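Enquirer: Residue numbers (the working numbering), protein chains in the order written: chain X, -18 to 299; chain S, 507 to 851; chain Z, -6 to 46; chain V, 79 to 996.
Every clue listed holds true.
Straight-line distance between alpha carbons at most 30 Å, and here's what the computed BS3-like set of lysine-lysine pairs gives:
#	chain 1	residue 1	chain 2	residue 2
1	S	Lys772	Z	Lys43
2	X	Lys94	X	Lys256
3	S	Lys537	Z	Lys42
4	Z	Lys40	X	Lys256
5	V	Lys948	X	Lys54
6	V	Lys302	Z	Lys20
7	V	Lys554	Z	Lys39
8	Z	Lys20	V	Lys554
9	X	Lys128	S	Lys535
10	X	Lys122	S	Lys514
11	S	Lys537	X	Lys122
12	X	Lys94	S	Lys537
Pair ranges (Cβ atoms, derived):
#	chain 1	residue 1	chain 2	residue 2	range
13	V	Lys300	Z	Glu6	31 to 39 Å
14	X	Gln282	V	Met792	56 to 64 Å
15	V	Thr920	Z	Val8	22 to 30 Å
16	X	Leu100	Z	Lys39	38 to 46 Å
17	X	Lys256	Z	Glu6	23 to 31 Å
18	X	Asp162	S	Gln582	57 to 65 Å
19	S	Gln582	X	Tyr289	47 to 55 Å
Calculated directly from the structure, the hints in this document are not laboratory data.
For clarity, every value in this text was computed on a predicted model and none was experimentally measured.
Note that the Cβ used here is the ideal one computed from N, Cα and C, for glycine as well.
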Amino acid sequence: MHTYTEKIQNLAKDVLKQGKAEMVIGFKQGTIPMAANPFVAKNENDADNLIWSSTCGLNLANYLPGIKKCEGKIGIIAKGCDSRNIVTHIVENKIDREKLYIIGLPCTGMVDKKQIALLFDDEITQFSEEGNTLIVKSETKEEKINKQEYLRSNCKTCTHRNPVIYDELVSDLVEEQIIEDQFADVKKIEAMSSEEKWDFFDKLTEDCIRCYACRNACPLCYCPTCFVDESGPQWVGKGQNTDDIKTFHYLRAYHCAGRCTDCGACEEACPMDIKVRNFTRKLNKDSLELFNWEAGLDISQRPPLDTYQPDDPDDFIM
Amino acid sequence: MKIIKIDKKEWEQGLDKSRKEYHLFGAVKDKDYYLIQALGDKVYPDMESSDTILSPKSVIFPQTEKMLTANLDEAQDNHHIMERVETDYSPRAVLGIKPYDAKAFKILQLNFDTEEFKDPYFCDAYAATTLVGLAVNNPGQFDFSTSVDTGPFDETDLDVLLIDTGNEYLAKVITDKGENFISKCGFDNQTDEKNALETISKLKKKAEKAIVSTVSHDKLNGKTILELYNAPFWDDIAFSCINCGTCTYVCPTCWCFDIQDETKDKSCIRFRNWDTCMSRLFTEHASGHNPREGKTQRVRQRFMHKLKYFPDKYDQGLMCVGCGRCVKHCPVNIDIREICEQMNS
Amino acid sequence: MGNLLEHVGIEKERVHFSWISSAEATKFVDVVKKITEKVRALGPNKKLKKQYN
Amino acid sequence: MGCGECAIKCPGKADDEYNMGLSTRKAIYVEYPQAVPLKFRIDPDLCLKLTKDKCGTCEEVCPANAVDYTQTESKETLKAGSIIFAPGFKPFDPTILDNYQYSNYHNVVTSMEFERILSATGPTNGHITTLPKVPVNPKKKKDKLLAEQQKNPKRIAWFQCVGSRDINKCDNSHCSSVCCMYALKEAIIAKEHAGDDLDCSIFYMDMRTPGKEFEKYYETAKNKHKINFIRSRVHTVTEVPGSHDLKIEYVDDFGVRQTEIYDMIVLSVGLEISQETKDLAEKLGIEVSQNGFCKTPTFDPVSSSRDGIYISGVFNSPKDIPESVLDAGAAASAAGDSLSEARNTLTKVPESVLEVNVTGDRPRIGVFLCDCGSNINGVVDCPDVTEYAKTLPYVEFAYEPLYACSQDAQDKMAEFIKEKNLNRIVVAACTPKTHEPLFQETLKNAGLNKYLFEMTNIRNHNSWVHKNNPEIATLKAKDLVRMAVAKSALSEPLTEEKISVNDTVVVIGGGVAGMAAAQSLAAQGYETHIIEKKSGLGGEALKLYKTAQGEDAQEELKKMLKNINSNNKIHVHLDTTIESVGGFVGNFKSDFANKDENFSLEYGISVIATGAKAYEPDEYSYGKDDRIIASLDLDKMFQQNDSKLKKINSAVFIQCVGSREPERPYCSRVCCTHSVESAIELKTRKPDTDVFILYRDIRTYGEKELLYKKARDMGVIFIRYDVENKPVVKAEKDNVKITINDHVLNIPLEIEADLVTLATAIVPRKSEKLANFYKVPLNDEGFFVEKHAKLGPAEFATDGVFLCGSGHYPKPLDEAITQGKASASRALTLLAKKDTLFTSGTIANVDFQTCSACGVCISICPYNAPEFAKEGWGKGKAEINPVLCKGCGLCVASCRSGAIHLKGFDTNQIFSQIFGLG
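Isolated chain X, as found in the complex (with noise of 0.2 Å):
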């Protein structure tokens, strides 16, 4: 058992049961090895059901605008990008400060669950951690790896793995990653000419399904009707068709840029294993070196492209 879930467990039942929170969201424990669910706590006895793992990658603060009914307030767990994306909830209206009820959880990452599939031949059955071993088995084999060289990809970026915002704190903040080198990934890309970069997204998403997975585990799509739905005008085509799917990937990217916090719960539920970040990721370069931005760390600012400054960066315009 992960050393937060007792913490968490207390302290949600001392929430509820002090009421300084109607509910509080978090995770249970999912029904097959390496899963976890989301999952609402109501009330005392709920709370037993709460646990913390290094697999509890998705974002929950994309529950929060969805959760109409509540008088009190709402309690949520919330590691260090969750805490960003409630900050741009709340710099976006979806949320009060005064409705949330944080519990801020420093974390440690988050692990890419398809690597380590990637270990076995057959199916895992079973998943356990201790400290910063995973001890994994199935069938067939047993092994024990070292969490942090199977971080997902954007956790072993992560540069505010503390969360920003929060009413009381699961454990003591722990240490933020130095980071030589945040964008590797995307200079990478950069470097590549023009045709090199064109094959590489058309590689990257020739087996998108648009189940829109990535859109709806993302809490910065919240729009009522999604451009991809909307029939007058007809944005993108529905059909398989690849330009239709890169244009929305393009699309989608572009409704994050400067608002994304490149929490990974996108690639996270992506079914086909697409690594969508490539595109918010870019974004997220620019943000930084264009305006100086990270999103969702000050619920005071607005994101850069909401906003007009005399002394913006100008220099694309000839």
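Fit chains S, Z and V to the known structure of chain X by using the hints.
Expert: Below, chains S, Z and V alone, put in the same frame as chain X:
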């Protein structure tokens, strides 16, 4: 029934022979996962493969399928007249399909190929397709096919069932289609039926025993629709759902589709796409009214359809073959087995 | 906008941003000429151009 | 119609005055291409018909029969209550300055000529060339030879103060105020046109850039554009033998004689008053100064010496565009004050036609394709395009008038609308900019909503530019018509919201600017509230001794206060601060805090006049020694007739204390004049006082230059210093020692002074809160940003909020009062339209169903039109206030959810146009 023994060393040669007449499909590993693909020259299916992410239903019922075209050029005589798209329906064979995936076609037929209605695209594709199954000797932990009237050696809707016995395959030739394919491959080493069946039976028992995952649905039939519909658990089940369509897209039995027209300049095509009941758009009316506005209604619809409406309407068991793909790929771990248990209890 | 298009392989010469006031007719002509030349040198665009049928 | 057929055929030719004679025009001509209305006139001295009764071609070719040779000059008598006299200026003619060789060399041009050379519509299409005065199509042999020697210039020199600050060669003692800035501008544009290797040098005496944002422009010219600045007056220009290059000779800063070669010289000619204006002024009986500028009192800065005649523009004093615009506003306001009772007595209300409801009807489009005489029809096959239009979807009817804008075509249009039951109209003609309102009026009169109109330009964008390709032009006309029809089919009737205007005005700030605004508004009959934070009116003016013209500032101020206090329309709230602002133009509501009781007001218009204050320096030991004081401290001493003044034998003024520094990169505008004034006062009181003014550039712009001259005449010593080498002030027991580098001798100089006066910068008050309340912008230094730097200096981009006084930029009393009156005048344009003020129909609109309430529109709108709905079924979703929306489309483009639509330019309309093209 004929049982043919195929030495694995001769397998690929046989396939190459069949290519003269058949387009071959099978599981291929590209990147880190398996997909069903049309096999190019010198490409052979990976018969050791675990499940493909998507089921083989796309071979007969593609995600996007052109149906009709029209030209809008008023200078031409046939303008604005919809004409069926010419599609290649020459014979094709799907190799190594899992028995539960084959069974799923039986379920799809209930929708596309009935006395009353025949979907020409589905029927023509189905008629052209030979399904060469491979019995599952080592079922994975998601496989709960035995609980839903299928099983690792199920022969429903297969034309040929291959059984892997180590160095060779035993091929149970089930239909004429299967017979034709096997003969086109040049596999003709007919084996003693009794011995073979015994081997198969042993393997089958072993495989069925290896299935750890089960689900009970015995009481569903006795419950009324309204009782289940109004059950208290739907909100909790639906809470974590993000309404992506993953479960419906990976499902071998989900058959819903949506028709779209696209026009450019003087040409127009009408095509259909897989649709998903997880999408709000699925039921949205032109008026803006939506009978399944909330995600609870949508989640409930999916499970009620698979586990209650379908069985009630067709009396053909559940609309589920137990492949476990939706369990494995759901990003938030909504598990049909658990829900079925809840509905059954 | 231009950055991401360039990033996914649209040649950057195909996307231009310019600020031209309605009084700057000459600049408009110059910019359009310059862009036309650049794009012509690249040849026809095949990317993100949906093929029907 | 302005088709130009007459000018094409006219045989008469003359120098084109608009292009400063650098090109020619015909005897029948339009003075300049931007002329509104675009009407031709005949030059009576040149026209063969009028002079010799020959020719008559223009009458023959005119398709509209508009030429009438019988028209003659006529005299008319008008009765008027007030006269605004705005005769403008005449550029100085440098012919008399023989040392610059203007008449002799083709490549010595005036700045006015150079403006035309830089212009894309000018004689060289914006191309800079040496010898630009050579005719474009030289006829004479001499000119032809010269034309062959034309080349692209490599070095251009500007000579400043040509005809200004000069009583030696001409009699213009004033500074023309604008030449330094325009020379900077010309040099920068020249570099932009000709490339960075063009060498631009400006020869000047003092660089005078005291206007708003001007100093930054000067810095940019120096640092970014690398323009050379040479402080010297050039004394000789000669041609280099064997070429047309110009050799100039001058004495540099260190007294060394220099020679340089240039390709071209631009004379920055000054502004002067023409003899004609001087004569007229005499006839009108208004007093003028020695340079011919009108004399106006500081506290009544647009009034001439004759009652009822108001002055605006350069005739008042040499000035730039924004000051001229302010003058105009102030003069209009002053003229209006006396006429307010007569307002609205002669207006007529037009009859209105009931609008037909077309919602839900199938579009029935009428297309009107204008021939524009031969303007369009001469190139485009109009009958063919008309026939084509008839085949387009939803087009019921197409018609091809000779001139769509003519009255008979309008009548026909109205008839056809009724007869053919048309419900959408497309006009393919010229530009909607000038003609759309006319057609819309016709639609209205025919009972159609005016937004069911669509216009496409097949003249300016088509027949004019594709003159030589008639076939392509015809195809393009078809494309344009098809696109317009596609859009028109989707157009919907739009409504314009009526804006109610509460006619109470709130003026924030009770300094002279605010008071002047209040006086004007009250004089026009509007209840006006002055909100003043301090316990008395008058602001910074209370600290001044005399005006630049020598009037007693306090006496004048007292008169003003008396007038305010006795005016029952003006309500003064002292010790009061504004605490909140809600609402929008015409409908503001604010809470005010007063030391006695808080109150709130509903009002329609707000004038912000919060002013500025003196910078408190920490430079030059200020505050550490009572002999080192600030400018206003000296005024106080003068006011009180301080006994210390008598003991002063040596006084030093240090200029630019806190101004033109990196942290305050602007010129405070008033300090040079103020120090010069005070220096004169010291000299007047005690002539043997040694007075020194240590300066960077003396910026006594306009006729304030006369004060500068007077000071020099009286013996005030001016010593220039560089910003890198500032004077050093050291307080000692007996006196204050100032060390400065003498700019002529280049040796350190020590001055012993009894009094050091620091000309401190003027800094804006902290106005963030107020700026936030009214959602109006502040610039980097904290001054308010007006609607338009040149054309909208007394108002904000936010409707209903106006601006005056030093909160806009530091300014002397007369300019503050002018701006106060001007802001009132701008406010009046809204107040007077009280019952006829409507929003535009083309504004943004939110679809609540798709709105995700993310707030991007609210954050991004420059006009604060969107807000979250507080009630109704869209509660919590964004909602656009139609009164504030300008229809710019920023929110539409930035709405991720696609919930915002721009009425009249909806996405489906734009798409249908695009798809209509492809």
